[in-house]
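2 protein chains.
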Amino acid sequence: MTDSKPPSCSPPPELLDALSSARKPLLIAHISPDGDAIGSLTAMGYLLYRMGKDPILACQDKAPAVFNFLPFYERIVQSVDERPDLVISLDSSDPTRMGSIYEETRFGDLPLIVIDHHVTNVYFGDINWVAPDCCATDQMIYYLTKALNEPLDETLATALLTGIVTDTRGFRTYNVTPAVMHVTGELIDAGAPLAMITERTLDTRSLALLTLWGRALDTATLEDSVISAINTLTMRQDLGGIIRAEGLVSFILSAQEAKIAAVFTEMPDGKVECSFRARRGYDVSQIALQLGGGGHPPAAGCTVEGAIHAVRREIVAMLKEEVQRKR
Amino acid sequence: MTDSKPPSCSPPPELLDALSSARKPLLIAHISPDGDAIGSLTAMGYLLYRMGKDPILACQDKAPAVFNFLPFYERIVQSVDERPDLVISLDSSDPTRMGSIYEETRFGDLPLIVIDHHVTNVYFGDINWVAPDCCATDQMIYYLTKALNEPLDETLATALLTGIVTDTRGFRTYNVTPAVMHVTGELIDAGAPLAMITERTLDTRSLALLTLWGRALDTATLEDSVISAINTLTMRQDLGGIIRAEGLVSFILSAQEAKIAAVFTEMPDGKVECSFRARRGYDVSQIALQLGGGGHPPAAGCTVEGAIHAVRREIVAMLKEEVQRKR
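Which chain is which? The protein sequence lines are A and B, in order. Reminder that position 218 of the first sequence reads as 218 in my numbering, one-by-one numbering, no gaps. Reminder that position 192 of the second sequence reads as 192 in my numbering, one-by-one numbering, no gaps.
What the hints contain is simulated information worked out from the structure, not anything from laboratory work. Errors might be hidden in some of the hints.
Identical chains share a label here; the pair holds if one copy fits it or two copies do between them.
Taking lysine to any residue pairs in the SDA-like style, the calculated list, with each CA pair at most 25 Å apart, reads [claimed, not checked]:
hint, residue 1, residue 2
1, 320, 200
2, 320, 206
3, 62, 257
4, 326, 234
5, 320, 221
6, 146, 280
7, 53, 301
8, 146, 100
9, 146, 178
10, 320, 203
11, 146, 177
12, 53, 73
13, 146, 66
14, 53, 152
15, 326, 204
16, 320, 208
17, 320, 196
18, 62, 254
19, 146, 189
20, 326, 69
21, 320, 209
22, 62, 78
23, 24, 302
24, 62, 256
25, 24, 283
26, 326, 206
27, 326, 200
28, 53, 72
29, 271, 72
So that you can see chain A by itself, here it is in the shape it has in the complex (with noise of 0.2 Å):
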């Protein structure tokens, strides 16, 4: 196995010294957190507690549920009261991810560092370090434990493994390096429970969320190499408020046949939220763009008005141009 760190895995000596120095840092995670998001946080905070600071955890949103098995899941605040002597942004890529929690007025004057592996990180920090090489913030939170001479224990490396598990879909996205695999099996041996994390973060889902995939995958069709699927206000109608079929979209795509697929969800507004994925060589981030929403070439997505049977045909009439556009 390689052993050899890319450099942007060691943290620059200035953002060492800068935490050494800190008594009060405030961590900020990124609205809508995601495991990742949350892990790196949990990880971070728990870190910088047992070497002596009292570190601030803050995220705009709460954090989903299933991540409460992380440590100092519930001393994660949604809004700060206290003065922080530095501030820590962890997993955002731009300030506006840091949501309500950053105010301008209030840490302005403070040192601001950057911590993320998003390849489109703006640098928005006095410090930054951006690993874009990493598949996850917590990779580089191991890669910092390191430089910083402080041992794993099990909590630290539960928290970093969530956010590595998470950020790879479980080992299967083509970032998991050999590297990955390395720290993986370090934080194993530390005693994060690889099996738990996996099953409570990626194959756990509600009951209700189960019934809306029955009955939103029953209308499931396959147009020339793209598949779709409908998620209307009737299919919903008794399932307590749950709106997003979660993870339909990508699971509808293992359907051998498809190149691209799309979800269609009927807001009680009236308008349609659609969600596009589309295997390597395609990209579904072009026609997001054109119809008001955003993403990457394979994950993107769009809010748009009309009637769902209607916006369905038109929007899998572009997607299907596209497969042509390739081939």
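Fit chain B to the supplied structure of chain A, relying on the hints for placement.
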């Protein structure tokens, strides 16, 4: 990461001797082959071929087309014409698993080597290398490659990683150790395409199967932590011969409210095939055994006589008792 291998991960010296003196070894993978059966068969075949041997790769049942990216896939035979000088059984826990390939009258006089990771292995060979602490027989073939001082290459690494990915369901099982991560890292480093392997073997389904899942999911019901679904003849009427809603029983167990999952499949002969899955701490094998079937505590099944709705009612009642018993 712990690099020390458990003792069972070292092939016995007599196995290495037998391999080096063989000229035309017959390799047998088990009936109804899965990814580890085909992965270890093709890895071993390719390895021995590269060592100058003339291996015969055999399996009673045709290897699923999803594995057609593996080396020597097209060389796997369903019957053996030639006379081998050594027999190697791969991934089979007992001799019946070799199916029609192993003819006692033809091959009984030849030395038989057993290479397997199942804890239930009955040691039926002249040389038995059984390593229950390995997650896959392909993990064992990796150690064998090292013990033979043979280099990894992309082709070999791809076959080896296929068994590891499929037998661990994408690193989800409880036996994924730091050693598995270490091996996987080295295989990726040697060129094994992890994302492609996972996509092809775990995340690709036919549209017909997706449709059947949708229809069956619509029948999913939760009663006292037991989730169950049915798969009727009517549901399958226009789905081109598909029978099993493969993977559905594991999928419905992802319902956070469920401890045990069951899928009941109506067969053309009037019988009902029953498939059970249980979370850690629950045991579905005893109920399957009681009904004339078998399996392991977390995964078992049986075939019973009766009308599908009555069968479902009766067996769900038994499964509910198992949940009660464990409370």
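TODO: Please name the hints from earlier in the document that this structure breaks, with their numbers sorted from lowest to highest.
DONE: 4, 6, 7, 8, 13, 23, 25 and 29
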